[in-house]
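Engineer: Single-letter residue listing:
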Amino acid sequence: MISPDDVEKIAHLADIGLPRERLGEFMKEFNAILEYFDILDTVREEAGAMEGVINVMRDDKITSSLSQEDVLSLTKEPEDGFIRAPRVME
Amino acid sequence: MNPLIIARGDDPYNAFITRCDGMPAGKGRLAGIRVAVKDNISTRGIPTSCGSRILTGYSPPYNAHVVDLILREGAVIAGKTNMDEFGMGSSTENSAFGPTKNPVDPARVPGGSSGGSAAAVAAGMVPMALGTDTGGSIRCPAAFCGIVGLKPSYGRVSRYGLVAYANSLEQIGPFARTVQEVALLMEVISTYDSRDSTMLDQPFAPRLDGDVKGLRIGVPSEFFGAGVDPSVATKVHEAIGVLEEHGARVIPCSMPSMAYALAAYYVTCTSEASSNLARFDGVRYGPAGDIRMPWHDAFREVRERGFGEEVRRRILLGTFALSAGYYGKYYGKAQAARRNVSTDFTRVFRQVDIIAGPTMPTVAFRIGEKTKPLSMYLSDILTVPANLAGVPAVSVPCGRVQGLPVGLQIMGKPFEDARVLDVAYAYEQEAKP
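Chains A and B, in that order, give the protein sequences. Just so we're aligned: the first sequence equals residues 1 to 90 in my numbering. Just so we're aligned: the second sequence equals residues 1 to 433 in my numbering.
Because the hints were derived from the structure by calculation, they are not lab data. Please note: incorrect hints may appear among the correct ones.
Taking CB as the label site, the calculated pair distances span [what the hints assert, rightly or not]: (1) B:Gly210 x A:Arg58: 48 to 56 Å; (2) A:Pro78 x B:Pro12: 35 to 43 Å; (3) A:Val71 x B:Arg72: 19 to 27 Å; (4) A:Arg20 x B:Met293: 18 to 26 Å; (5) B:Asp229 x A:Glu45: 32 to 40 Å; (6) A:Leu72 x B:Asp211: 55 to 63 Å; (7) A:Glu21 x B:Gly210: 25 to 33 Å; (8) B:Pro287 x A:Thr42: 38 to 46 Å; (9) A:Gly52 x B:Gly328: 45 to 53 Å; (10) A:Asn55 x B:Pro287: 53 to 61 Å; (11) B:Ala278 x A:Asp80: 46 to 54 Å; (12) A:Pro78 x B:Ser254: 53 to 61 Å; (13) B:Met293 x A:Gly24: 22 to 30 Å.
Cβ coordinates follow ideal geometry from the N, Cα and C atoms, glycine included.
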């Protein structure tokens with residue numbers, strides 16, 4: 001079982017925004033789902049994790065991509081060819 | 001050329017989010033055919049919202065590969081169809097644009113998440129549509145609306161330009177009223193694309209001869225277990241009986257991993273979603289955040305405003321399943337479970353050619369009927385195994401229960417999409433009134 005504090009902490013980690021008054025209900029639904037997930041405790045692993053899986057790399061080739069104009073047209077108030085973003089430093 | 005975006009009027013089932021007009025028809029195998037496209041598939045210059053407020057005003061600067069392919073074959077894009085936000089739902093009720101209604105009974109859901117595409121085809125607004133299937137999102141609405149829908153083998157159709165929700169599970173696929181039309185659209189969209197690194201260059205060639213003589217049909221008992229409406233089960237058994245009458249052989253079998261397949265699916269898809277949906281930050285596209293606010297506050301504010309309840313729930317679940325201390329219990333176990341599902345398919349496919357069962361455990365439910373998230377999730381129990389294993393699966397109509405359509409689901413070996421469609425074709429030909 002997870003608590004309202006846990007839900008609030010996860011919501012904070014995920015930057016999802018969850019109003020305080022909704023925490024209780026979210027927690028109830030969350031716990032019902034997690035309880036259902038407990039069936040996974042019965043899983044017996046037959047194959048080793050990631051057995052037989054290899055990375056496949058392609059050659060590094062230069063190809064065309066979207067123009068700067070196309071990309072900036074999607075953002076609000078670009079400046080000197082840059083996308084403006086909120087402050088990272090507080 | 002930019003299409004003319006027209007008003008949404010004259011859409012009694014709310015199947016479309018955006019309707020287009022004035023796009024010229026080309027030449028090719030789809031010459032002049034109007035195709036509806038699910039709103040999570042990128043269309044250059046045409047709004048693509050994924051059913052979410054967080055993409056309000058966004059028009060992609062490029063086409064998805066499948067969109068280029070249908071246009072190259074002369075198709076006309078009829079519009080962008082309604083869907084559960086980012087594909088998260090089984091009823092098309094979780095859309096910022098309101099629910100889509102089932103044309104068979106407008107008080108009921110069309111299924112989801114590609115409910116708009118299915119409703120548009122079922123209502124006769126378009127002959128064909130594209131949808132996406134992460135855990136049943138093509139087959140469920142095809143079954144509920146009484147049309148044909150195919151989830152192709154994983155790696156058969158390029159996902160370039162599909163707005164990602166759960167990359168390891170999802171595929172783009174076709175809807176139509178007949179198997180033949182589904183096969184035609186599938187043939188067009190399966191052309192190789194190096195921009196999707198999970199795609200294999202194995203062109204799909206339809207082979208519709210409808211011959212099922214000697215075909216071995218596996219019927220897993222778990223597909224007729226608890227939660228499956230007995231009258232739906234009866235209809236599906238009758239449909240399998242029709243194939244048997246034409247020379248197919250039914251082989252009872254078992255897939256024990258079905259016990260935890262749904263849990264494995266929901267842990268996997270929410271985990272992938274929690275990572276994928278981090279890109280919606282209000283910086284590069286979509287409604288912008290307040291750049292005077294600190295980063296996390298601006299980010300949180302945009303997402304709280306932009307994402308609906310189910311999307312936020314799944315991001316939370318995925319964040320939790322991947323968090324330190326819980327990773328082994330949830331994500332790690334889910335991946336082991338997923339391998340067991342694949343092993344079950346491989347084992348059963350040593351003895352049978354295809355696996356058949358119901359697509360959905362029930363007929364279409366009423367709009368507003370399923371209020372608890374878990375009860376909605378449970379309706380995906382019969383469709384998620386094919387996504388976990390990456391195998392092709394089609395839903396073809398097989399009669400009605402209390403006036404509502406039932407879907408027969410046919411699953412095949414990886415990349416045997418043609419065989420799956422051929423069996424569906426055989427049934428469709430025999431079941432014709």
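Engineer: Would you pick out the hints that fail for this structure and give their numbers low to high?
Structural biologist: Per hint list: 1, 7, 9, 10 and 11 violated.
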